[in-house]
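There are 2 protein chains.
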Amino acid sequence: MQHFELTILGCSSATPTSNRNPTAQLLNIAERFFLIDCGEGTQMQLRKFKFKFQRINHIFISHLHGDHYLGLLGLLSSMHLLGRKDDLHLYCPGELQEILEVQNKHSQTFFNYQIIYHPHTYENGKLIMQDNKVEVRTIVLNHRIPCCGFVFTEKQVPGNILPEMISKYNLTVEEIMHLKRGSDLTTSDGTVVPNAEIISNLKTPRTYAYCSDTLYDEGLIPYIKGADLLYHESTFLHGMLDRAKQTHHTTALQAGTIAKMAEVKKLMIGHYSARYKDLEPLLEEAKSVFENTVLAIEGETTEVGQ
Amino acid sequence: MQHFELTILGCSSATPTSNRNPTAQLLNIAERFFLIDCGEGTQMQLRKFKFKFQRINHIFISHLHGDHYLGLLGLLSSMHLLGRKDDLHLYCPGELQEILEVQNKHSQTFFNYQIIYHPHTYENGKLIMQDNKVEVRTIVLNHRIPCCGFVFTEKQVPGNILPEMISKYNLTVEEIMHLKRGSDLTTSDGTVVPNAEIISNLKTPRTYAYCSDTLYDEGLIPYIKGADLLYHESTFLHGMLDRAKQTHHTTALQAGTIAKMAEVKKLMIGHYSARYKDLEPLLEEAKSVFENTVLAIEGETTEVGQ
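Residue numbers (my numbering), protein chains in the order written: chain A, 565 to 870; chain B, 565 to 870.
Honestly, the hints are just simulated from the structure, not real lab data. One should not assume that every hint holds.
You can't tell identical chains apart in this list, so a pair holds if it fits in one copy or across any two.
Simulated pairs of lysine to aspartate or glutamate, EDC-like, Cα-Cα distance not exceeding 20 angstroms [unchecked claim]:
(1) Lys-616 x Glu-662
(2) Lys-789 x Glu-864
(3) Lys-669 x Glu-659
(4) Lys-614 x Asp-842
(5) Lys-612 x Asp-842
(6) Lys-719 x Asp-748
Turn these sequences into a full structure, and let the hints steer you where they fit.
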């Protein structure tokens, strides 16, 4: 099975702690490496976990609070200094271009590679990137400033055709291609043969949904429904619900509720307030609603769909 | 004796490594805490070394290459989130104000404290800050973009008057004040009595000079002459002199030469290229010219004047 795995690089909320960095995640889908948010220190985290960051060609920035993008210019500069020539695609609030260009103007820096900007349009379900392995869509989150989440879905990996079926149904090349991608077969007499009778080892495409930062918002549910892995911010315990509402964040209980209502397979919580030295109470609170919950822990890698 | 000590927070050059952060230093002069440059990750380094960063009221930024200031907005934001109300003084290239304001505009952030900007005028020996304990002057460095170094000098700490001298010379209050600060005494008959005969325990004010980033430039020498501690960048070994010239940096041999010519008491080298995993060759090279050289090492504190 192709890789579909998430590595946490930073899991703190706005104020980092001595052992928690601001938000950044690295997603590997079939050796495509996607960086999701890029808080201060992300390039050091990538080095710490021995990841060659020139392999990243697509960076997704949810919004322009500093804890989600202040590591970006340092990373882009290091990519330049280390000889990058390949285009880099940046899916981000359009204003980020002005921020980066003002800084490069004053440092008199000109990168030896192109940044291709893909400014957010803040539409639910909008396809913003795809290739032959993966597609990425936006979700509109409910935060103090415009903010997008992202849903990463692998494309159907073709299954294996049972050899005896080719002659049994006298299959054409075109029929075989459709069957390997999950279609059922309709024979010349109109009989429908279920895919599973002809194709083996066909996997359901997996999905990773990233939701940070946001108020509790059931409006997200249609767009993250059934995800194999949902990352949902859980900045506070539910005892701090007022503070969560005031700052447009979510409690662990609420994150569990969203996971349950969206019928996801697994929930990962993160974006922890610096006040929580011990994360277990956050985990327990989310688990009280949705059992299959895990903590985002820096340096840990989670296989999506397991 | 009052504190005058330097703690290294980051010592790498532009590309940080897994164990070396970009430039930042914390200087404590008589419980005034000065932050000198603020590379990415500085706030995490301050936390790691258990320093309360609200005690910093003065930040000095040498120039606008990212490895010297990209940690600033994160630190300023955390100061805000943690309840800062006190003014913060920022001595920096004037363009930094535009950079910070563009970012705060797009994140819709308004700090609950004032930033007082003191833009560099790039003059040698210009007094940019003083209080009753310390004064700070700029040095113009020779880099690819406008860049200042800083010279921090403690003010004269009054000595102790030998009690019997008050009646012996029939000293006025005004004469005592001048004597305690180092003046000699001129009696009514014109005799000059050396300060040391009347005052004990008078210390020579100490000086810390910070030079990063710069080409080898003997023009700096008059402004750092006799410093108790000189920090001078040493990005490369001398075998890479061409690269040093091309990038407007200095070799370890050149840093030692500047220290020797300026007759400083101690040299600290830093701003190491990421290519050097082992720093000993840099130290040995500088020592071949100037023996009393030490390495900038993150987390280590050096008492200035010892």
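Hints and how they fare:
Taking identical chains as interchangeable, the C-alpha atoms of Lys-616 and Glu-662 are never at most 20 angstroms apart, the minima being 27 angstroms within one chain and 33 angstroms between chains. Neither within a single protomer nor between protomers do Lys-789 and Glu-864 lie at most 20 angstroms apart by alpha-carbon distance, with minima of 25 angstroms and 51 angstroms respectively. With identical chains, the CA atoms of Lys-669 and Glu-659 are at most 20 angstroms apart both within one copy (16 angstroms) and between copies (10 angstroms). In this assembly of identical chains, the alpha carbons of Lys-614 and Asp-842 lie at most 20 angstroms apart only when taken from different copies (19 angstroms versus 27 angstroms within one copy).
For the homomeric pair Lys-612 and Asp-842, the shortest alpha-carbon distance between copies (18 angstroms) is at most 20 angstroms, but the shortest distance inside one copy (23 angstroms) is not. For a Cα distance limit of 20 angstroms, the shortest separation of Lys-719 from Asp-748 inside one copy, 18 angstroms, qualifies, whereas the shortest one across copies, 86 angstroms, does not.
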